[in-house]
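Participant: These are the residues of each chain, in order.
4 protein chains.
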Amino acid sequence: MTTIKDSVHDHIEVTGVADALLDTPPVQRLRRIHQLGTANLVYPSANHTRFEHSLGVYHLACEALDGLGEDGTRAKRTRAAALLHDVGHGPFSHTIEDLIHEHTGKYHDDVTDLLTDGDVARVLTEHGLDPERVARMVRGEGELGQVVAGELDVDRMDYLVRDAHHTGVPYGTIDHGRLVRELTIHDGELVLDEGNVQTAESLLLARALMNPTVYNHHVARISKAMLRRAAERLLEASDTTPGDLRRMDDPALQVALRECDASADFARRLDRRDLYKRAVWAEMADVTGDVFADDTVLDADDDELRDYEREIADRASVDRDAVLLDVQSRPRMRESDSRVLVNGDVRPLDEQSTLVRALQMTQREQWRLGVYAPADHTQSVGRAAVDVLGLDIDGALVTETTQSQYALDDFGEN
Amino acid sequence: MTTIKDSVHDHIEVTGVADALLDTPPVQRLRRIHQLGTANLVYPSANHTRFEHSLGVYHLACEALDGLGEDGTRAKRTRAAALLHDVGHGPFSHTIEDLIHEHTGKYHDDVTDLLTDGDVARVLTEHGLDPERVARMVRGEGELGQVVAGELDVDRMDYLVRDAHHTGVPYGTIDHGRLVRELTIHDGELVLDEGNVQTAESLLLARALMNPTVYNHHVARISKAMLRRAAERLLEASDTTPGDLRRMDDPALQVALRECDASADFARRLDRRDLYKRAVWAEMADVTGDVFADDTVLDADDDELRDYEREIADRASVDRDAVLLDVQSRPRMRESDSRVLVNGDVRPLDEQSTLVRALQMTQREQWRLGVYAPADHTQSVGRAAVDVLGLDIDGALVTETTQSQYALDDFGEN
Amino acid sequence: MTTIKDSVHDHIEVTGVADALLDTPPVQRLRRIHQLGTANLVYPSANHTRFEHSLGVYHLACEALDGLGEDGTRAKRTRAAALLHDVGHGPFSHTIEDLIHEHTGKYHDDVTDLLTDGDVARVLTEHGLDPERVARMVRGEGELGQVVAGELDVDRMDYLVRDAHHTGVPYGTIDHGRLVRELTIHDGELVLDEGNVQTAESLLLARALMNPTVYNHHVARISKAMLRRAAERLLEASDTTPGDLRRMDDPALQVALRECDASADFARRLDRRDLYKRAVWAEMADVTGDVFADDTVLDADDDELRDYEREIADRASVDRDAVLLDVQSRPRMRESDSRVLVNGDVRPLDEQSTLVRALQMTQREQWRLGVYAPADHTQSVGRAAVDVLGLDIDGALVTETTQSQYALDDFGEN
Amino acid sequence: MTTIKDSVHDHIEVTGVADALLDTPPVQRLRRIHQLGTANLVYPSANHTRFEHSLGVYHLACEALDGLGEDGTRAKRTRAAALLHDVGHGPFSHTIEDLIHEHTGKYHDDVTDLLTDGDVARVLTEHGLDPERVARMVRGEGELGQVVAGELDVDRMDYLVRDAHHTGVPYGTIDHGRLVRELTIHDGELVLDEGNVQTAESLLLARALMNPTVYNHHVARISKAMLRRAAERLLEASDTTPGDLRRMDDPALQVALRECDASADFARRLDRRDLYKRAVWAEMADVTGDVFADDTVLDADDDELRDYEREIADRASVDRDAVLLDVQSRPRMRESDSRVLVNGDVRPLDEQSTLVRALQMTQREQWRLGVYAPADHTQSVGRAAVDVLGLDIDGALVTETTQSQYALDDFGEN
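Protein chains in written order, with our numbering: chain A, 75 to 488; chain B, 75 to 488; chain C, 75 to 488; chain D, 75 to 488.
Just so you know, the hints here were simulated from the structure itself, not pulled from any lab data. Keep in mind that this is a model prediction, so the values were computed, not measured. We put the CB at the ideal spot given by N, CA and C, even for glycine. Heads up, none of these hints are tricks.
Across the chosen pairs, the derived CB separations fall in these ranges: (1) D191/B x A449/C: 20 to 26 Å; (2) T178/C x D145/B: 56 to 62 Å; (3) G192/B x R394/C: 27 to 33 Å.
Derived pair list, reagent style SDA-like, types lysine to any residue, alpha-carbon separation capped at 20 Å: (4) K351/B x T77/C; (5) K351/A x M75/D; (6) K351/C x D93/B; (7) K351/C x M75/B; (8) K351/A x G269/B; (9) K351/C x A94/B; (10) K351/A x D93/D; (11) K351/A x T98/D; (12) K351/B x M75/C; (13) K150/C x R207/C; (14) K351/B x Q102/C; (15) K351/D x T98/A; (16) K351/D x T76/A; (17) K351/D x M75/A; (18) K351/C x G269/D; (19) K351/D x P99/A.
All chains, please: the whole structure from these sequences, using the hints.
Facilitator: Shown next, in the form of structure tokens:
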């Protein structure tokens, strides 16, 4: 057994297969992957890593399994999956996940290749676990898989509290002790026990407040777009393959970007926090042109986006890399599918809760389309983007006046 | 200057008129008034007092005034009002406020008589402040009065954080540092500065989650109803006048209730935590009979309620004091009138925020009508109440099964 | 099982005999006993009670027993003793413990009469426990009794952290999670496992810093002396017996003191925080006269002290109640007898640790003899005390200059 | 003005010259320097950086200056020095500071060349500050320089609290709010005001407990020794100059070590946490041979140490890089020179405090000489080291039994 001191959960006791997995390279690599990607450019204390988060998820999974009375091979598999659930992350966590997916077809929770090979496979097998089944659990399959990756998973419970602890933004401070205690399995589904509509609401509300303040803070989005573009240039201009990129850690990517001519300028800007600024910051209602039907915009594939960027850059007479178009994916809120027991029946949370339905609408309201450019080109790029994308000019364009309109987003450094 | 160590705000520096007011009997009395009345019967650590809360409100008022750039007599008056804002509370804070109001016509923020007399009046006058004007500020009058008592007042900011700290329920953990910084005055109104729709939402959400979990927890409501009835009996059966009652502190009331025959049984039950149980716990939709039209029920005056109680007791063949009818007042949410600056215009928060409108509806959903009785009479009293009040029997009656349905409310001891 | 939310340990699960004991009157009474007596007159947030502390001690005892692998009747008895360990406290905890002992021969850990009678005895017996043996465990007897009351007991671990949480003074923030984990039994003795010299030191250092800052803060000592004198007068002038006094709760004593003429003035002063001030504050070295040989002073019995007070009052021509002589008992530090395993041998901590030996000396340095009087009599009383007690006048007398010398003690309100 | 959210001090307002300095490359670089070097291999949450620490030091410096009533150019210079005080750190903070000093003659507080050049120099000059004088202040020169770097500096106050927050080890939780308030200048010296002997003691005790638990944890020392040796090999085997090394950030060094054959093995071990183990862990008393006279050992220069390592490796027949000799420098405790006002005189703290004198002795007791080797060579290397260095074999050799003797050090992962 190893006892590890954690800044969030105090002492975490790691035993059995999890203890053996701790020392494998894919798990140790997580020490060098920032949990929140580039969000430390907004919240300087947010330097926590996927490693400590994975320990926290493991810890909460153990508590949840205790509460569920699970104690056999299934439980052991769940504990392994909890510790391993994030080994599939590329450098800077979600920051370049789309890019990696575009080139490799893998999202971060597609870990079959990583678990069925090398030390991890060996350790799992030695402890009587089938790596393939652990990998399926990481994707949320199976009854207990929902503990690891589902609407009410311990992943979310850990990261909300941990991100609050490290950013200093208190909104994520949920009552994880209670949530974990109230999990129960009903007809094969992981649900919250009777009388927990509000417990479930509190989890969703915490995320709804953390989203714009932390996860989608405009500076986090701008730096993410810059890092993504830099990594794209690296793939084009160097020997680095998408497979290499996926397995790099943060330092490796940082140095690779600095050393490749095509990405060096972005790297230098990121290192110096000399970031692009918003030229456009448009609500859904501002996307008025027929170029983008509502649904199209959200599902625009990368090629289309690159075309728009090029068109905007040309019209504004700036370099292609001086325009970054950032279209958030369609708002979805998996947790609103959370299920709670009400009078003995399993009910979807959004049927039970006015607040949760309002949160779904709120998410649409918080959606923003961004176009970013170097500080001295925001005006020309903004105007060009309004034309090319068919946006409502008053709502979308970020002028000096409307910049100040977004004080919330500007919080932290900017 | 006095520097005081506070468990929430660390060091609080009390200067000038506030420092002089600290030593007056009405302020020192607040040390013996529990901030949350009888909620420590649910959350045992919730023993904090109106005194430390008043210091916290004073502290946040000073920060808000700094942010607003206020520094003259108006500011001094505001600081005095902040420290004094709760001196009008009777014993156990809001617990018997209605009873005191019924008999004296005064709510806790009606403090003119307390500020214009004795040491407090002397200190205020010596520091060049008019006690009457300070009393008006405690009621929220005037531009800066809104800092002390308004939709966005520092009172709420302190109590949410403080109640979270002492109950252990994290939902109240708001970002008070940010809220205080973002206050601004626009056309004579206290509003939140541009870009703070979400900051305002977070304040309302915190309260919406604390309400059912802490402030309206059913055990808190039951003990409140018991204490209220006991105090009523004390007024009827002893020399204690309503005016005496209003100025008692918690120990004085506790002992008085023990020593008066008419209230001794309630006192003993409260001391031993041998509380009444719910016989009825009805949502608004369960109140189907025509006895109570929706609006009537909410405004039912005390005489009416006493009549219903008597009728229920008679029908159930139990003693009159074995039935407590607890009708919550109409849900209102003053903070939803909070105002925020959006593009230079002052807008009501509920116009701007889908979430806030949902919160208003949620509050109606959380409304409950309770009928409480000794444990061995809940069944008979419950059935009688259903008949007398015209309730939907399936929804309203608290049977053993539906007790467990309210696990959330049962949290803490029960 | 009852799950209780605690502000320090979050969720505490109370099961079995402890759950049944929760509802007994002697345990519920602890809700109305302030953990730190009158220390809230220095630290306004310090309103926590013996009840929540008892829950915390129970919680840590359960963790310690888990770590020790104890799980039978002995463990059950330990859990009961942990929850009950403080039922013997009189009102305001240690404040009038000496007075109660003088009259009843009982200290707070002498609980045999309380456990062998009434509900507590019934519950213990029903759960197969012998009340007498539980009472012996509360006094620290037996191997596991040391968990409840010994040099390394969970009592101390809880109160240091809890007092830090509620006063806001961080010095008590120990690593209780680690201490509890490292307890082990070696040859029938409770000791800290190998490599924990420093863990043990940290516990003692925390107490050494909390002592002068919180527990022996001069304002806490003054208010304690006033309350003690008031209770003495109550015993002399009313029907209240020492036995009654021992079983009162805080509100009962507060009101009794107000209502008895002989104690009313002290009660009013305490309510208004209109406290006596230091006339003398003498280090051990200042006690130069031969009236008090060093050892005598520490063991002076109450009659002697009363004689000195009378003599001082006469010489200063003030009323007898205007002089309070406060002689701290001989410094002792039970924890320095803590034992740790070093290379497989049990060793006393003070043999192993230079720091612990220094702490013992430091405690002597922190010792103070106090003489307190109403603010307008401190000068005359001070001079009279110097004469009567044979003190070094320069060191002992508290003049305006030397008042400021004690800024540390003055911290908090004064 | 920029408002930055910090996980320790909440909102930090950065104004004037400090705001302008924020955006300079040397300050932004600190985002990529781990505050505690490799201590995150022991405490996984300890990923905080010199950047957030620098903000904290700036924040506390502002509070200290307010308390001292300082508000002119001197204060502005102090604020600049506070923000800049750590720009001289090489990668991984203190980890390879000795190596850099050996080759460049510069410790981390020798920043003249960094402040008198480039953006920093420009910003300082634009704000009317002389870069040379700011650099001198970073070294602690001048009256206010002691606020930045002295016995009672705000540097220490911030890092203790911050390291506690991020490691989860509570020992560093000092009352920084009080310390900063009690600073005063007396005859040109920064001292703690009257009555603060204990406040000063608490700062030293916090460090005394953090030292062995965090800063000198044996795993932190082993990984530091490994990183240092790797960097040495990098200097020998690559084009990297000592000057380059000094200005690298953590990712740059990590990648450079991986890419250089001479250091790649160490880099891989560090990445995988496949660390060397202790072969010898000797107290000062165990260093019995005449090779090392007590004082010599402490001042042994690097060449001597390398000679010993070679000799040990040869005798044990292992590769030279399989032996790391780690000799801590002479214990010193600058804070024990802290000065406090006692009765109007400035007195050195160690004269006033028994505890502080004990701490000095304790530091000698905590001193350890370590010899580290790959796990499968610890026995042979240990025996060889005992011979070569003339150590007491029973005390110094780390066998399986005595490994467990150091449970404290083993805490965290090992």
